[in-house]
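Read top to bottom, the protein sequences are chains A and B.
FYI, in the numbering used here the residues of the first sequence are 6 to 295.
FYI, in the numbering used here the residues of the second sequence are 6 to 295.
It should be emphasised that the hints constitute simulated quantities derived from the structure, not laboratory data.
Note that the structure is predicted; figures quoted are calculated from it, not measured.
Please note that the accuracy of each hint is not assured.
Cross-link-like lysine-lysine pairs, in silico, PhoX-like; alpha carbons within 25 Å at most [unchecked claim]:
#1 Lys21(B) <-> Lys8(A)
#2 Lys21(A) <-> Lys8(B)
#3 Lys8(A) <-> Lys21(A)
Computed from the model, here is a short list of chain A residues facing chain B with C-beta under 8 Å [stated by the list, open to error]:
#4 Val24
#5 Pro108
#6 Phe109
#7 Arg150
#8 Leu158
#9 Asn161
#10 Lys165
#11 Ser189
Pair ranges (Cβ atoms, derived) [said to hold, decoys possible]:
#12 Ala64(A) <-> Arg60(B): 27 to 35 Å
#13 Ser238(A) <-> Ala135(B): 55 to 63 Å
#14 Gly263(A) <-> Arg60(B): 29 to 37 Å
#15 Ala221(B) <-> Ala56(A): 50 to 58 Å
Even for Gly, the Cβ is constructed at its ideal location relative to N, Cα and C.
2 protein chains.
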Amino acid sequence: MPKIAYFNGQYGPHHKAMVHIDDRGYQFADGIYEVCLVIGGRYWDMDGHLARMERSLSALRIRMPLGVASLQVVMNEVLRRNRLSDALVYIQVTRGVAPRNHPFPADEVPPALIITARRFDLDQSDAQAATGVRVITAPDIRWGRVDIKSISLLPNVLAKQAGVEAGAAEAWLVRNGKVTEGSSSNAWIVTDDGALVTHPKGHEILSGITRETALACARDLQIKVEERAFSVSEAQQAAEAFVTSATNLVTPVVQIDGVKVGDGAPGRVALRLREAYKARARRISGAQND
Amino acid sequence: MPKIAYFNGQYGPHHKAMVHIDDRGYQFADGIYEVCLVIGGRYWDMDGHLARMERSLSALRIRMPLGVASLQVVMNEVLRRNRLSDALVYIQVTRGVAPRNHPFPADEVPPALIITARRFDLDQSDAQAATGVRVITAPDIRWGRVDIKSISLLPNVLAKQAGVEAGAAEAWLVRNGKVTEGSSSNAWIVTDDGALVTHPKGHEILSGITRETALACARDLQIKVEERAFSVSEAQQAAEAFVTSATNLVTPVVQIDGVKVGDGAPGRVALRLREAYKARARRISGAQND
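Here chain A stands alone, though its shape is the one from the complex (with noise of 0.2 Å):
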């Protein structure tokens, strides 16, 4: 069986979804994206995702292609024909296709939607937890609104090639002297009297959905959060790191710039937090579910 996406308002096999060149997400990045985890067939932050794609399709002036409802059905639909239980679901919408022009085009150009999914291993994700990861840094040279959750992601991607070069998962970025986040996902310290530190939300960072949910944990647990900027050596000095996202949950990180975080193994707060998240998005949605 054929991987299946949507495209262009229908399904049909991943291998033949093409989108038309003068889309202007091809020309001008000109669109906005979503990763939602599915485990054992629910979504985890669901809810949060979606407001989060219509808050970056806000900010750019993008019509919703679907309403919601519309949308979870054909989430599920793509989810189903690729009979999968435990997924990352894709979405992208783009204003849409237009003969190449800067400004936006007619009201009447439809934004485009595609849909994919790929299986998701949280074996593997909670084996690689078990390990930890490691990070470098680099110079966080990004635009201006790296809140709104666009696939202008070029800089990212250069920095994520250069953390893989040198061995490491993730780059965390750094601007004016701080660690603004990852490439791909939030970046958080635990200080020695175990208070959690995250960069604040703000135009200098995306809002993570994972994130959000981490520090709900942090207050059920009653962990200290601080939402404040830190720089690297404060990161290489910390009890510990972590990163989350979609993909990653709550992954420790065990070394910064080759410098070991801690005594270099996974950190207990971090690994408590990843148990936490899972028991919180596992009760959530199946109470959403059910």
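Starting from the known structure of chain A, arrange chain B on it as the hints suggest.
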């Protein structure tokens, strides 16, 4: 006759020109482009565009999809099949098609190339230059490597749209109080003593090919040039202002944020430079083609 485009290694009707949704240009803005002007069947500033294309690709570590000679054959064939002699040729190269993942795909993945062409009306451009255009200013929130002519153009789109909504043809981008360039053109002013001023090259501006040729024309005409940043108020009080790009050639600016430049009519120096630019481009393209 339908318009013809070159895509996926073949010529075909433009309306059927499709690329795969996993083309990294579509999901990561991981690619570059050039727009080349053709007048009377001859390329203007072709060498400059091809050299910059190679620089942009090199900066992103994307291979040239074709050798320069083959690329020119395809460009000419696209022009021929569209029966165009005055045209804009659009070239886009991306890192190719691979399952979605931030890091570069395997070396075997070939870059993707599209080439399209559309008619260019030089008389209409001359008419616009004779009237002059208005510009607004907007914050320059682009990433830190705009010297790479990447398709990561979302901030440019938003600035241009703001300009259009304000009745202007272009938005000049302002960083740290200084004009860097327009959203799709370089920005220039003429001082009271007749010197040209434009932002110096570097990571903060795209080094325009028309900008370079205009500098050469200024040398020919013995017009003094200062490559330095200028502020919005200096521009509003300047003797003249103008923009350069392959599609604008040299086009006078008569208003900045609603403030008339000079007497509000196209400037003498800008129009002289435009004529010099056209003469020079014709001479050089003629020498190359004859």
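| query | Which of the numbered hints are not met once you compare them with the structure shown? | reply | No hint contradicted; all consistent.
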